[in-house]
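K.L.:
Take these sequences, add in the hints, and give me the full structure.
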Amino acid sequence: MMRIALLMLTADRGRFIGIVTGVTFAALLITQQMSIFLGLLGRAGAPVQDVRQAQVWVMDPSQSAVDLDGVRPMGATALWRVRGTDGVDWAVEHLRVPIAVSLGDGARRSAMLVGIDADAWVGAPPTLVQGTWEDLRRSDAVIVDEDGATKLWRPNPDGTRRPLAVGDEVEINDHRAVVVGIARSTRAIFFAPPMWTTVERAKTWIPPQRRDVSYIVAGVAAGGDPAAVAAAITARTGLRAVTAPDFSVDSSAFFAANTGVPINFGIAVILGFLVGVAVAGLLFLQFVSENLRYLGALKAMGAENGLLVRMTMLQAVVVGAIGYGLGIGLAALMGHLAGGGTRTLAWEMPPWLLLGTGAAVFLIVLVAALLGVRRVITLEPAVVFRG
Amino acid sequence: MAEIIQVQGCTKTFRANGVETQALRGVDLTVNDGELMMLVGPSGCGKTTLISILAGILAHDGGAVRVLGEDLGAMPAAQLPAFRRRNLGFVFQAFNLIPALDVLDNISIPLILNGVKRAEALERADDLATRVGLRDRRHHRPTQLSGGQQQRVAIARALVHDPRLVVCDEPTSALDHHTGEVVMEMLRSIALKPGRGLVIVTHDSRIFPYADRIATMDDGRIVSLKSQETAP
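Chains as they are written, first to last, in my numbering: chain A, 1 to 387; chain B, 1 to 232.
Careful, some of the hints might be misleading.
Each pair of labels, with its calculated beta carbon distance range [claimed, not checked]:
(1) Leu271/A with Asp127/B: 51 to 59 Å
(2) Gly9/B with Arg3/A: 41 to 49 Å
(3) Glu380/A with Val223/B: 23 to 31 Å
(4) Ala321/A with Ser224/B: 54 to 62 Å
(5) Gln228/B with Ile322/A: 53 to 61 Å
(6) Gly260/A with Ala94/B: 55 to 63 Å
(7) Ala94/B with Arg374/A: 22 to 30 Å
(8) Arg374/A with Val223/B: 39 to 47 Å
Anything over 10 Å on all C-beta distances counts as not near chain A; from chain B, calculated [unchecked claim]:
(9) Arg25
(10) Gly26
(11) Ala55
(12) Asp61
(13) His140
(14) Lys193
(15) Arg221
If you're looking for bench data, these hints aren't it; they were derived computationally from the structure.
In this text the structure is predicted, and so the values were computed from the model without any measurement.
The C-beta atom is built at its ideal place from N, Cα and C for all residues, glycine as well.
P.N.:
Following this line, the structure appears as structure tokens:
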């Protein structure tokens, strides 16, 4: 009888495609919107993820997120106190200060000056496209982000624009800076492109301050637990110390909590779900309604409610499974074609999202099936004799 | 002569929106072994209600209804589907063939419901399709068949599991005279064997000659019961 149920389901091609399309679009909308949202959340923590050597980040106790809620510098003694904490293998300064860059044509653009450790280049992004980190030892040297180079464009003599390139000079707070390399960082949530130089030089380019340590990044001694070491740092210094993954998550959470982005994406996801319920549910109910005379005939011939319910559930599960597969497949394809997973599109499609979408689709087909099943159960077999 | 159906004082009242409609007002009826009984009468006289009760798909309120020796009023509701699928065959006015299935699949449904393996069910369905003259159409869908052919499929479906009682609701109403005669001859020849009975609700006076007896109903009662010596 299950074979008959499937044949009944697929015989009306138009309706079958309609129901599957409803589920497909629901799965597509939910997956696609959530993937972009998760991609954006991931970007909020990107500056943390790019400092790959750091296991623990130390900051002012009132600091919640990297870059997003500004920088509240610490005093110079903070570094020594962190280094003196049990379990800390090494600790270096990591400076992050928003700056304005003069490009020589009168234009000024925002950027993020990142001061990194000049001994082991802790804080440098993993990929260097042009130049070497050693080049940063040259006078006034700065390395520019690959995407940032296209944003910090220079005018050509003919009026066209070109990306900032190695050898170009710019001004940072009236200080000459020379581009010696191009690096590739994980794209962050905000535009300000990062420019890397040594911590010492960076401090000469920004206005002098009594407290000038943005962050301290630290490594944990072999076999140590980063979370325990972070707790020890906090206990010893009174500063906020968290593991790198936790700080990345905190930054994403800060972004989610302080912008309207989650609500906007949430509305789209809920709409996707409701569209799925409305389209798939109503079309499925219509499908069941139109088949009631046949189901009534089966019931008269001795088919029990349990069998008819299983047939109806199977039909719902099949349209759900096909719609789900098509939906997440289309979402993955759209993400791929739009540059998901690259620097262009914020896109993250973890396995748990696919499971979540599967649960939502299951709910949609469950609602659809229950609407149909209710009609099947309450169907009187005597209806077949009433014309 | 053994009795396939015994109905005594059967009553049925429908209640909807506070309005009571007495559909059966004490029906007495007997269908004998090997007998073709026709139920006739004007619309709303209770024919459909009675045939639904006889088929075990509608519960009666009062009186006694015994079908194939079973007291339907005493039978638990959960056992009725199994009773129907083992013992009853149905021919509906609108055929109710499943459009998605071909002729053989439609005919084999009662066998599948009775747990017969598909291969065997299709074999037996093929045999029935041949007997009703549809061997060359056995892989056609209902929409590819004429009304008469669809009704022959419906008859084959009603008989494929060799039921002891076949109930038919207006089996010829959608058919022309000649096709109606073919269908009735087929029903009589295949359905009426010893130990079996056939009940037909009809308005179609052209097929009255095929009945052994005709029960005329009016206002929820059987008002006349005539034997026919002329049944073919």
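K.L.:
Does the Cβ distance between glutamine 228/B and isoleucine 322/A fall inside 53 to 61 Å?
P.N.:
Holds, at about 57 Å.
K.L.:
Indicate whether the distance between the beta carbons of alanine 321/A and serine 224/B respects the range 54 to 62 Å.
P.N.:
Holds, at about 59 Å.
K.L.:
Take the C-beta atom of glycine 260/A and the C-beta atom of alanine 94/B, compute their distance, and say whether it sits inside 55 to 63 Å.
P.N.:
Once the Cβ atoms are compared, 57 Å apart, the range 55 to 63 Å for alanine 94/B and glycine 260/A holds.
K.L.:
That 23 to 31 Å hint for glutamate 380/A and valine 223/B (C-beta), does it hold up?
P.N.:
Given about 28 Å between the Cβ atoms, the range holds.
K.L.:
Per the stated criterion, does the least C-beta distance between glycine 26/B and chain A lie above 10 Å, as a non-interface residue requires?
P.N.:
Label holds. Min Cβ-Cβ 20 Å, cutoff 10 Å.
K.L.:
Was histidine 140/B rightly flagged as not at the interface, with every chain A Cβ beyond 10 Å?
P.N.:
holds, 14 Å
K.L.:
Is it the case that arginine 221/B keeps its Cβ farther than 10 Å from each residue Cβ in chain A?
P.N.:
Consistent with the label, arginine 221/B stays out of reach of chain A, its closest Cβ about 19 Å off (over 10 Å).
K.L.:
Indicate whether the distance between the beta carbons of leucine 271/A and aspartate 127/B respects the range 51 to 59 Å.
P.N.:
Roughly 56 Å apart at Cβ, these two residues keep to the hinted range, so it holds.
K.L.:
Please verify that the nearest CB of chain A lies beyond 10 Å from alanine 55/B's CB.
P.N.:
violated, 7 Å
K.L.:
Assuming the hint says 22 to 30 Å, is it satisfied by the Cβ distance from alanine 94/B to arginine 374/A or not?
P.N.:
holds, 24 Å
K.L.:
Run the C-beta distances from arginine 25/B to all of chain A and say if the shortest one exceeds 10 Å.
P.N.:
holds, 19 Å
K.L.:
Would you assess whether lysine 193/B, listed as outside the interface, keeps its beta-carbon beyond 10 Å of every beta-carbon in chain A?
P.N.:
holds, 20 Å
Consistency note: the structure conflicts with earlier hint 11 alone.
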